[in-house]
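Colleague: Chains as they are written, first to last, in this note's numbering: chain S, 1 to 337; chain V, 1 to 337; chain W, 1 to 337; chain P, 1 to 337.
Treat the hints with care, as some may be off.
Straight-line alpha carbon distances no greater than 20 Å define the calculated EDC-like cross-link-like pairs of lysine to aspartate or glutamate that follow [stated by the list, open to error]:
1. LYS47(V) with GLU304(P)
2. LYS259(S) with GLU325(P)
3. LYS61(W) with GLU32(P)
4. LYS6(S) with ASP278(V)
5. LYS260(P) with GLU54(V)
6. LYS195(P) with GLU216(W)
7. LYS259(P) with GLU60(V)
8. LYS202(V) with GLU192(V)
Honestly, the hints are just simulated from the structure, not real lab data.
Values in this document were obtained by computation on a predicted structure and should not be read as measured data.
4 protein chains.
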Amino acid sequence: MIIVLKPNATKQQRAHVLERIKALGLKPMISEGTERTIIGVIGPEDKLRAQPLEVIPGVEKVMPVLKPYKLVSREFKPQDSVININGIEVGGKRLVIMAGPCSVENRAMLVQTAKLVKAAGAHLLRGGAFKPRTSPYAFQGLGEEGLKLLRDVGKATGLSVVTELLDCRDVGLVEKYADVIQIGARNMQNFELLKEVGLARKPVLLKRGLSATINEFLLAAEYILAQGNFNVILCERGIRTFDTATRFTLDLSAVPVIKKLSHLPIVVDPSHATGAWDLVAPMAKAAVACGADGLIIEVHPDPEVALSDGPQSLLPKNFAKLVKEVRKVAHAVGRTV
Amino acid sequence: MIIVLKPNATKQQRAHVLERIKALGLKPMISEGTERTIIGVIGPEDKLRAQPLEVIPGVEKVMPVLKPYKLVSREFKPQDSVININGIEVGGKRLVIMAGPCSVENRAMLVQTAKLVKAAGAHLLRGGAFKPRTSPYAFQGLGEEGLKLLRDVGKATGLSVVTELLDCRDVGLVEKYADVIQIGARNMQNFELLKEVGLARKPVLLKRGLSATINEFLLAAEYILAQGNFNVILCERGIRTFDTATRFTLDLSAVPVIKKLSHLPIVVDPSHATGAWDLVAPMAKAAVACGADGLIIEVHPDPEVALSDGPQSLLPKNFAKLVKEVRKVAHAVGRTV
Amino acid sequence: MIIVLKPNATKQQRAHVLERIKALGLKPMISEGTERTIIGVIGPEDKLRAQPLEVIPGVEKVMPVLKPYKLVSREFKPQDSVININGIEVGGKRLVIMAGPCSVENRAMLVQTAKLVKAAGAHLLRGGAFKPRTSPYAFQGLGEEGLKLLRDVGKATGLSVVTELLDCRDVGLVEKYADVIQIGARNMQNFELLKEVGLARKPVLLKRGLSATINEFLLAAEYILAQGNFNVILCERGIRTFDTATRFTLDLSAVPVIKKLSHLPIVVDPSHATGAWDLVAPMAKAAVACGADGLIIEVHPDPEVALSDGPQSLLPKNFAKLVKEVRKVAHAVGRTV
Amino acid sequence: MIIVLKPNATKQQRAHVLERIKALGLKPMISEGTERTIIGVIGPEDKLRAQPLEVIPGVEKVMPVLKPYKLVSREFKPQDSVININGIEVGGKRLVIMAGPCSVENRAMLVQTAKLVKAAGAHLLRGGAFKPRTSPYAFQGLGEEGLKLLRDVGKATGLSVVTELLDCRDVGLVEKYADVIQIGARNMQNFELLKEVGLARKPVLLKRGLSATINEFLLAAEYILAQGNFNVILCERGIRTFDTATRFTLDLSAVPVIKKLSHLPIVVDPSHATGAWDLVAPMAKAAVACGADGLIIEVHPDPEVALSDGPQSLLPKNFAKLVKEVRKVAHAVGRTV
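Extracted from the complex, chain S is given alone in its bound form (with noise of 0.2 Å):
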């Protein structure tokens, strides 16, 4: 941690701020610059972050030196941690690849799709029982029946499911169904429910909010993997920008640059992120290229009549497609699907 001093601190208030360096059992070291007086603090910064140091008179400002997270970051496992969902591993060279439609609304329609990605690539089934919807009179998901369906339907269809956990409440019967646990955007800083998944013995799949920046999305993993819970995987979903041409902005650079500060898989979500099912492929094909583990996709056999994010759906014939250009990305980046 480096204290920064205002240039006219007091004596009286350097000495204040060095007491209470001590005082914590810590080491402060003193740089007299021309313009400025610096107080580095040796020692574990953990303890000094939780102090509001910003606020004692004579202070300028604190620049902390270390990432606030630990059991997320390369530095405490420099190796890429792959995450194993029944024999499929997120993580490794292979990408994996995660469709279906955004809500599961009957059992037909859920066999149709689900034969259907499978036939062309894809991994896990991908379906949400619990919805959360910016309005309350929109459809609210089919609740456990929906889970159950979905078990059906990947177990028949030899696909691991992957479905969105809205209640802390509900955590056990999530864990129940599913092979994958979500935890969707406008969740990632439900604490609760982040400790709640913390324990669960299942994998995770977390998704960024829309608002949040680098740091808080691994600090919202470090509450899963704090808990015991160490099979994370990261989903970046577009972030909130001025930008209105897509419904959000796609932020791929993410993807590299937690690529760098994680050890956590990552996998991009382009339908959420571009809200149109024309700007799916392009952006599948661009997460890959930058070094993504994965995508997840929605498909719909009848976009036209979904019950909720039909705009931004893939026809069945489309995903097929994607995949096998994807496919072709993926080779020349040294990946396979």
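Since the structure of chain S is already known, use the hints to place chains V, W and P on it.
Modeller: Only chains V, W and P this time, still in chain S's reference frame:
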């Protein structure tokens, strides 16, 4: 709802759009422009809103005409709502001032703070027992013990209390001890939590999400009203922007915008918005000048040792000064404190 | 400047960094932490700022300690600057109010507007002769004819005039007719234009760029002062954010932030920030409440037929009402109008 | 244009709106909904766009139906534009790669860089002679001397050159030495400069502004085409968002979005967008994967001593590696380098 067709839409595509509209029991009206064909739909927009019409081939764009919320709107209730909290009215001529520490830390500091803010003119005591913290290693609050302290100290000083609810499982607990249940910014789209407080019998203070549009903010409130709880107080607390000079960017124009759109009262939190104690007073005055119905302010007897948000906490003496200054501005705009 | 080394930096890399610092005539001070080595540099930071130290192998990050601007800073000049415009002072106890149409359209409307805003209490007449328009097909202003009209009408009504300069080639022309030269938001980082007005003998009204940080805003002003023109008035006019409820998001906390960092006066433009005439009065009052030194407001005798920015223009009668209301708020915060 | 009336609009207000429309020679079509009256306007939208209809009492909102640009649109020209730069085509099957130092510093480094990037596969040499710098105290470029060096070195190595124009007064000078005139992000809405290059006889590389919407970006290009210069290459170079992990946020979805809306070619600048040399290669590959027509990359033989943008400059050997990798991705998406 207005549906704009692409310039090259075929007759068949156009017929298909009309068919879909009629199938919903709605009546399309066609305007043939020189460059585009436009279809206006007469009748309730809700039915159409759930339909992904954009995905239909030949459709260029779909523009909603009506607002997606109802119960919170001025059209539904033209008069200002006034929320009664044990005799304190929020939304009337008199401003409400809520003050207290970020976190409940212990009885002594809470008693001290409560007495001082009461003496300075505060109407409600704020304090967190459950704390949503970005890092899993930061102080997470005292839990039920904190709630009890809050209630006891509130009773002793004659202040009603407002405190945050984080978890659906704690709604009964918080409802038991608090006079106003706060939903924090990070939970503004935790829809399960919104539904729960919609069923609670206590008023709700709903904070705007970090990156929530006004539309999404009002829809979050709509979730609560839709469950039957009309006692909702909105709170602007800063949005996330590119600017890092302040912790968030206080969006004060949200106050008059919301006053136009909704009957609900709105208060402003300059402490969390700015993150700096010396910016709290000017922004509190600005909030009142543009029509806010109240303020929520962090006060700590010794910010230097606060367990959370020290840098933005006011000393009690500075809070007292703020109330005096705010009172003058309130009078200037025809309000009282 | 603080240089943080990577945990795995080699001795050679470290020696190289120290050598680079010494070669610039600066003195490094090394602090060996438990997790990182930190190098503080004693001496003028400017020399280092120009060096891309981050790129040296073994360096993790580089943190500047000092502000990058000088002449505009409070450290350079602790007292508030007061700019004199033909006897009207900007930055003193009395607020300045600039008002007038977005564009100069013709003599009749300009005379009418000038008389009415003068009668209502405005101190300066604003009006655009050169208009920066998003579309090439929109009205681009009357050019020199507009400048002449402004000067004539200003003289006739006893109002000094402020008008925008768009092109380095027109600086002499605008300087000849205007009392204050405005640099618009879109030109805040048109550095050639900044240098030109830095050489002009008239005060400059510098508007904040749509997405300029406070730091960049002050550096833009520094460009002008660095050429010798210290008569700069800053203007907050809304920043671009995700929120579309208003045209831009008025960042009022910029006012007290800038008052801390700089001695320059700052005025607020609620017309361009909100884009809606009925939001202008509340935001004008808020601006004054948080410490703005003045306001710049669009007024048009018939907004319905305005050639630009009609939706945000006030009718003269509403402007007169605004001035009365603002005067009350000004008194409440110890200022006058 | 669609005009939505307020639910409580009076007959008189409604009649006034219709009158205004007819006075412009346009034909209104009225749709009476159950909750709102909607007026569609048949005929050219341009005339209405200039009218501030929102300001008319009784009008709730005005929704444009058509795009505000023409010449840059796919509707105007369905086929991709291919710009020819001395035999190098931009916008065809073959990608164009522009590379070179941020600033022209001296002949030796420019010759060295030019030879190395040419050998690695670059088609154009980039380098700044006029530099827009945030601080007035930073290196501002060599001016005409830099332009001469660029031309000489370009000729000697057989590379066409692209360089930035900052000032309307220098357009002749830059046109004389450069093969492509660059308009930088900070000048994207310097409309006078856009008009000047619209009259120039050299192709223009137009960079997207830091906070420009796609709409504003295309309107800026429209300014150039409207003056007669159709040889415009667009460039996505990162937008300003809340995220500080990268210098800007590279908005790659802008590439397929613009491909839908416009016939102009678009290249991507991963160097300025990320600000970090080790993120350049992954983002360059992603740009090509989603359809970019080329790349512009900063390369410096010794980034540690670069006078500007060192941290994001690639060493020539890393640039050569990047070209090889990009070539593979290009083939995977049916392009060549």
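Colleague: State for each hint whether it applies.
Modeller: A quick look at each hint next to the structure:
1. A distance of roughly 61 Å separates the Cα atoms of LYS47(V) and GLU304(P); the hinted pair therefore is violated under the 20 Å criterion.
2. For the suggested pair LYS259(S) and GLU325(P), the alpha carbons sit about 18 Å apart, so the restraint of at most 20 Å is met.
3. Distance check on the hinted pair: LYS61(W) and GLU32(P) sit about 63 Å apart at the alpha-carbon level, beyond 20 Å; violated.
4. Distance check on the hinted pair: LYS6(S) and ASP278(V) sit about 16 Å apart at the alpha-carbon level, within 20 Å; holds.
5. Taking the CA atoms of LYS260(P) and GLU54(V), the gap is near 16 Å; set against the 20 Å cutoff, the hint holds.
6. Taking the CA atoms of LYS195(P) and GLU216(W), the gap is about 27 Å. The hint is violated against a cut of 20 Å.
7. Restraint check for LYS259(P) and GLU60(V): satisfied, since their Cα atoms lie roughly 16 Å apart, inside the 20 Å limit.
8. Restraint check: the Cα-Cα separation between LYS202(V) and GLU192(V) comes to about 17 Å, which is no more than 20 Å; the hinted pair holds.
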